[in-house]
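Novice: Chains as they are written, first to last, in our numbering: chain Z, 1 to 188; chain U, 189 to 483.
It is worth saying that the hints were derived from the structure and are not from the lab. Predicted, not measured: the structure shown is a model, and the values here were computed from it. Be aware that one or more of the hints could be misleading.
Computed footprint of chain Z on chain U, listed as stretches where at least three residues anywhere in the stretch have a Cβ under 8 Å from a Cβ of chain Z [said to hold, decoys possible]:
| id | stretch |
| --- | --- |
| 1 | 364 to 378 |
| 2 | 384 to 395 |
To list a few chain U residues with every Cβ distance to chain Z over 12 Å, as calculated [said to hold, decoys possible]:
| id | residue |
| --- | --- |
| 3 | 193 |
| 4 | 203 |
| 5 | 229 |
| 6 | 238 |
| 7 | 325 |
Cut-off 35 Å, straight-line C-alpha distance, at most; resulting in silico cross-link-like pairs (DSBU-like, lysine-lysine) [stated by the list, open to error]:
| id | chain 1 | residue 1 | chain 2 | residue 2 |
| --- | --- | --- | --- | --- |
| 8 | Z | 5 | Z | 135 |
| 9 | Z | 84 | U | 320 |
| 10 | U | 377 | Z | 135 |
| 11 | U | 333 | U | 255 |
| 12 | U | 255 | Z | 84 |
| 13 | U | 255 | Z | 133 |
| 14 | Z | 84 | U | 419 |
| 15 | Z | 147 | Z | 170 |
| 16 | Z | 106 | U | 419 |
| 17 | Z | 106 | U | 451 |
| 18 | U | 320 | Z | 147 |
| 19 | U | 378 | U | 253 |
| 20 | U | 320 | Z | 135 |
| 21 | U | 419 | U | 333 |
| 22 | U | 253 | Z | 84 |
| 23 | U | 378 | U | 279 |
| 24 | Z | 135 | Z | 158 |
| 25 | U | 253 | Z | 106 |
| 26 | U | 253 | Z | 5 |
| 27 | U | 333 | U | 279 |
| 28 | U | 255 | Z | 135 |
| 29 | U | 333 | Z | 84 |
| 30 | Z | 45 | Z | 133 |
| 31 | Z | 24 | U | 365 |
| 32 | Z | 106 | U | 255 |
| 33 | U | 473 | U | 365 |
| 34 | Z | 24 | Z | 147 |
| 35 | U | 320 | Z | 24 |
| 36 | Z | 45 | U | 419 |
| 37 | Z | 5 | U | 419 |
| 38 | U | 255 | U | 377 |
| 39 | Z | 24 | U | 333 |
| 40 | Z | 5 | U | 255 |
Where is the CB? At the ideal position from N, CA and C, for every residue including glycine.
Okay, here's what each chain looks like letter by letter:
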Amino acid sequence: MARMKFICDTERCVACHGCVVACKEGHHIPVGINRRRVIIINEGKPGERSISISCMHCSDPPCMAVCPAGAIYQRDDGIVLVNKDICIGCGYCLMACPFGAPQFPKNSSFGARGVMDKCTFCAGGPAPTFSEKEKRLYGQNRIAEGKVPLCAGMCATKALLAGDADVISKIYAERVARRGNGLKEKIF
Amino acid sequence: MRGSLLGKGLLVFFLLSLGVHYVWAQDILRGFGPESFTDYFRQFSEIIVGDWSNSGRQFLALVPKLKLYFLVVLVGVPGLFFLHYLIIGPKRFSHQGEKILYYGPLARLIHWVAALFFTLLVVTGLTIIFAKTFGGGSLVRISRKIHLLSAFGFGAVVVPMFLMWLRDMLPAPYDLKWFLMFGGYLSRKKQPIPAGKFNAGQKMWFWLASVGGGVMLYTGFYLYLFEAPLKDLRLFVLIHNFLGLAIVALFFTHLYMSLFAVKGAIQSMLSGYKSAEEVSVLHSKYYEKLKQGRS
């Protein structure tokens with residue numbers, strides 16, 4: 001069985017935020033929710049690097065372990081999804097997540113948090129595939145269409161790789177081998 | 189001649205400064221060359237992961253066990269009281285004869301308003317903890333809203349309650365004796381038990397419900413707002429839940445004592461009067477004080 005993964009190549013990422021925009025546009029995500037975000041270090045200085053971060057679809061998801069409602073589940077291919085009909089919006093998943101992936105809209109009555117929203121790996125949700133409900137709650141289901149996630153498909157420098165772990169890690173390993181070992185080299 | 193001399197001079201100067209240029213060039217170009225990946229990823233992880241490796245791990249170790257702890261309290265505490273009821277049995281006092289005014293109308297009103305909100309908080313809180321059993325979804329989401337609204341209600345009424353009973357609830361030396369004899373609940377004899385207007389158990393409940401309730405309100409408010417660093421929110425969840433565990437345990441104790449352990453004890457909070465016999469046994473120090481005041 002394929003195991004779905006994201007890899008972001010920091011030597012290729014140019015912080016264009018194309019992945020963020022593609023995700024937001026493609027899934028009609030409301031303002032204030034960021035399923036994917038770009039982190040930049042040493043901005044404007046020598047050694048500037050950036051990385052695109054979203055849900056990492058962990059093999060042993062901490063969010064799933066702490067969810068009191070049992071709303072988070074993992075598919076056989078490793079994609080971690082949330083059932084928005086069951087989620088109660090308590091926020092424990094955000095506290096358990098090392099990557100800050102779970103997002104909460106603040107549009108419910110009394111200003112309380114709504115249900116959790118996060119990266120679906122463009123695999124929709126528990127609602128029937130290609131249904132109106134799936135599209136409204138979770139966004140597109142590109143995995144069922146046989147396409148890569150929007151963010152990886154959009155990435156101009158192909159820094160963001162998404163797909164079967166074996167395949168994309170091989171691509172990344174080849175790139176690193178061609179680039180050199182990444183150690184400091186003498187110039188003169 | 190002069191031109192060639194200048195040229196030679198420049199050449200010598202250039203050769204002499206070569207070492208300095210080499211160092212400068214290395215310094216400037218270093219930033220653009222490939223650096224060690226580990227350095228970058230250390231910087232990335234500081235921003236992305238943050239304090240997770242400390243507080244997140246602790247959170248992850250404790251939160252999945254909460255359901256079990258609550259189950260133990262939910263089954264264990266009433267279970268113990270059931271055994272107590274079967275083996276030792278309730279205390280009965282004559283409700284005829286002399287009556288002593290124990291709670292004024294205002295005290296009773298404050299108590300019952302606080303009790304209403306408190307019960308709602310306990311019930312909805314337990315619904316959230318056992319969300320999976322209830323199937324999650326809108327039922328638990330509505331519980332969360334009721335939990336929030338009752339917290340505001342309780343917050344408004346806990347302050348007058350605290351001030352109203354504070355003087356009677358201050359610890360006294362005979363409270364230690366009360367704890368050593370378990371408040372006399374382990375024997376059937378009607379011996380005078382050392383307690384003032386409130387016994388040490390009631391005092392414990394008072395402090396947990398008022399000061400502990402204040403802590404619950406504070407942590408709960410931030411869990412509702414979500415506007416604190418994640419590190420603090422993790423701590424607040426743990427405090428809120430473990431304090432909740434203690435509060436649920438004493439909530440059941442309070443219910444058992446008022447409804448079953450002392451027959452008719454709830455009447456004093458409804459009518460305001462306790463029988464003199466009950467006061468003389470369960471609140472002997474207070475009874476002595478009352479008698480001295482009268483004579």
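Novice: Against each hint, give a clear statement of whether it holds in the structure.
Specialist: Status of the hints after comparison with the structure:
| no. | hint | in the structure |
| --- | --- | --- |
| 1 | 364 to 378 | violated (count 0) |
| 2 | 384 to 395 | violated (count 0) |
| 3 | 193 | holds, 30 Å |
| 4 | 203 | holds, 15 Å |
| 5 | 229 | violated, 8 Å |
| 6 | 238 | violated, 8 Å |
| 7 | 325 | violated, 5 Å |
| 8 | Z:5 with Z:135 | holds, 22 Å |
| 9 | Z:84 with U:320 | holds, 14 Å |
| 10 | U:377 with Z:135 | violated, 70 Å |
| 11 | U:333 with U:255 | holds, 21 Å |
| 12 | U:255 with Z:84 | holds, 22 Å |
| 13 | U:255 with Z:133 | holds, 32 Å |
| 14 | Z:84 with U:419 | holds, 26 Å |
| 15 | Z:147 with Z:170 | holds, 19 Å |
| 16 | Z:106 with U:419 | holds, 21 Å |
| 17 | Z:106 with U:451 | violated, 49 Å |
| 18 | U:320 with Z:147 | holds, 34 Å |
| 19 | U:378 with U:253 | violated, 42 Å |
| 20 | U:320 with Z:135 | holds, 25 Å |
| 21 | U:419 with U:333 | holds, 25 Å |
| 22 | U:253 with Z:84 | holds, 24 Å |
| 23 | U:378 with U:279 | holds, 8 Å |
| 24 | Z:135 with Z:158 | holds, 27 Å |
| 25 | U:253 with Z:106 | holds, 29 Å |
| 26 | U:253 with Z:5 | holds, 30 Å |
| 27 | U:333 with U:279 | violated, 40 Å |
| 28 | U:255 with Z:135 | holds, 34 Å |
| 29 | U:333 with Z:84 | holds, 17 Å |
| 30 | Z:45 with Z:133 | violated, 46 Å |
| 31 | Z:24 with U:365 | violated, 66 Å |
| 32 | Z:106 with U:255 | holds, 27 Å |
| 33 | U:473 with U:365 | holds, 12 Å |
| 34 | Z:24 with Z:147 | holds, 17 Å |
| 35 | U:320 with Z:24 | holds, 31 Å |
| 36 | Z:45 with U:419 | holds, 30 Å |
| 37 | Z:5 with U:419 | holds, 27 Å |
| 38 | U:255 with U:377 | violated, 39 Å |
| 39 | Z:24 with U:333 | holds, 29 Å |
| 40 | Z:5 with U:255 | holds, 32 Å |
In this structure, the hints that do not hold are numbers 1, 2, 5, 6, 7, 10, 17, 19, 27, 30, 31 and 38, in rising order.
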